[in-house]
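Under this note's numbering, residues 1 to 216 are what the sequence shown spells out, in order.
Worth flagging that the hints you see were computed from the coordinates, not collected in a lab.
Certain hints may be false.
[What the hints assert, rightly or not] List time: in silico DSSO-like cross-link candidates among lysine-lysine, alpha-carbon distance up to 30 angstroms:
#1 K104 with K137
#2 K71 with K21
#3 K71 with K104
#4 K78 with K104
#5 K22 with K137
#6 K138 with K104
#7 K71 with K22
#8 K21 with K104
#9 K30 with K78
#10 K137 with K71
#11 K21 with K137
#12 K138 with K71
#13 K138 with K78
#14 K30 with K71
#15 K30 with K137
#16 K30 with K138
#17 K104 with K22
#18 K21 with K138
#19 K30 with K104
None of these values were measured; they are calculated from a predicted model.
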Amino acid sequence: MGIIGVVSAMTVPSLMQNYQKKSYVTQLHKVYNEFSQAALQVVTDRNAVNLREAGINSEDTAAAFVQNYFKIVQDCGKDADPCFPSYGEYRKISGINFTRWLGKRHFVLASGASIATYFRNDSDDLVMELWVDTNGKKGPNIAGRDFFVLYLYNNGIIDDLNSQRDDDENVTGYDNIPLSQEIREQKFSRYCIAGGGNDYHGCFGKILNDNWEMTY
Numbered sequence: 001m002g003i004i005g006v007v008s009a010m011t012v013p014s015l016m017q018n019y020q021k022k023s024y025v026t027q028l029h030k031v032y033n034e035f036s037q038a039a040l041q042v043v044t045d046r047n048a049v050n051l052r053e054a055g056i057n058s059e060d061t062a063a064a065f066v067q068n069y070f071k072i073v074q075d076c077g078k079d080a081d082p083c084f085p086s087y088g089e090y091r092k093i094s095g096i097n098f099t100r101w102l103g104k105r106h107f108v109l110a111s112g113a114s115i116a117t118y119f120r121n122d123s124d125d126l127v128m129e130l131w132v133d134t135n136g137k138k139g140p141n142i143a144g145r146d147f148f149v150l151y152l153y154n155n156g157i158i159d160d161l162n163s164q165r166d167d168d169e170n171v172t173g174y175d176n177i178p179l180s181q182e183i184r185e186q187k188f189s190r191y192c193i194a195g196g197g198n199d200y201h202g203c204f205g206k207i208l209n210d211n212w213e214m215t216y
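Generate the whole structure from the sequences, applying the supplied hints.
Take a look at the structure:
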């Protein structure tokens, strides 16, 4: 019995951790699929060639896109609460807390995931950020675990952030979508698991690279 107890103590935590990771990724994949299908549908419905031509060109139209193409159980508007926990409760894998929140419109989907939209008007190619808490207000509220930021581009592709920054090597701007595996790995190392800063991207690209597995 003592041996069984020791083995259980060694294996059960690992099994629980793996189960939690799979649960987070499964829910994230569900949200990803919903948004991918909705992006295709809105372009088809409006006989457009891309999302901006389909009319997603402001915070209001981005919110209307969610309202019209998703089953919403709670619409919190411009207030994150009560759709999301306080942004002060979110932290990175390193343990550092976020100190800013960019979501503009906030919703809870029928699946239980909380999402926030942030329309991007600084590029013709990047349409909006999608802030996703896969299990709503429940913990652990960690970027790269149950919280991810996805980026919806004008061509309907959802990927990680592609931006031209001095400290990003081999990044050519927003037109290089989908991202290469190399750039996704670079983002993951520099931003997702990096210690400080308010950069919360890089985690989703790693999930894509590893075929919807949370390997970190």
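Quiz item: Does the structure keep K71 and K21 at a Cα separation of 30 angstroms or less?
Solution: 25 angstroms, holds
Quiz item: Does the structure keep K30 and K104 at a Cα separation of 30 angstroms or less?
Solution: Answer holds: K30 to K104 is near 22 angstroms, not above 30 angstroms.
Quiz item: Within 30 angstroms, alpha carbon to alpha carbon, are K30 and K138?
Solution: Between K30 and K138 the Cα gap is close to 18 angstroms, so the pair holds against 30 angstroms.
Quiz prompt | Given hint K71 paired with K138 - CA-CA distance at most 30 angstroms | solution = Holds: K138 and K71 sit about 20 angstroms apart, inside 30 angstroms.
Quiz prompt | K71 paired with K22 [C-alpha distance capped at 30 angstroms] | solution = 24 angstroms, holds
Quiz item: For the pair supplied as a hint, K138 and K104, is the alpha-carbon distance within the 30 angstroms limit?
Solution: 21 angstroms, holds
Practice problem: Take the C-alpha atoms of K21 and K138, compute the straight-line distance between them, and say whether it is at most 30 angstroms. | Solution: Distance ~14 angstroms between K21 and K138 Cα, so the pair holds.
Practice problem: Please work out if K78 and K104 have their alpha carbons no farther apart than 30 angstroms. | Solution: Measuring from Cα to Cα gives roughly 5 angstroms; hence the hint holds.
Quiz item: Is the Cα-Cα distance between K22 and K137 30 angstroms or less?
Solution: Holds. K22 to K137 sits at ~18 angstroms (cutoff 30 angstroms).
Exercise. Take the C-alpha atoms of K71 and K104, compute the straight-line distance between them, and say whether it is at most 30 angstroms.
Key: Judged against 30 angstroms, a Cα distance of about 19 angstroms means the pair holds.
Exercise. For the pair we were handed, K104 and K22, check the Cα-Cα distance against 30 angstroms.
Key: Holds, at about 29 angstroms.
Quiz prompt | Restraint check for K30 with K137, where alpha carbons must lie at most 30 angstroms apart | solution = 18 angstroms, holds
The structure agrees with every numbered hint stated previously.
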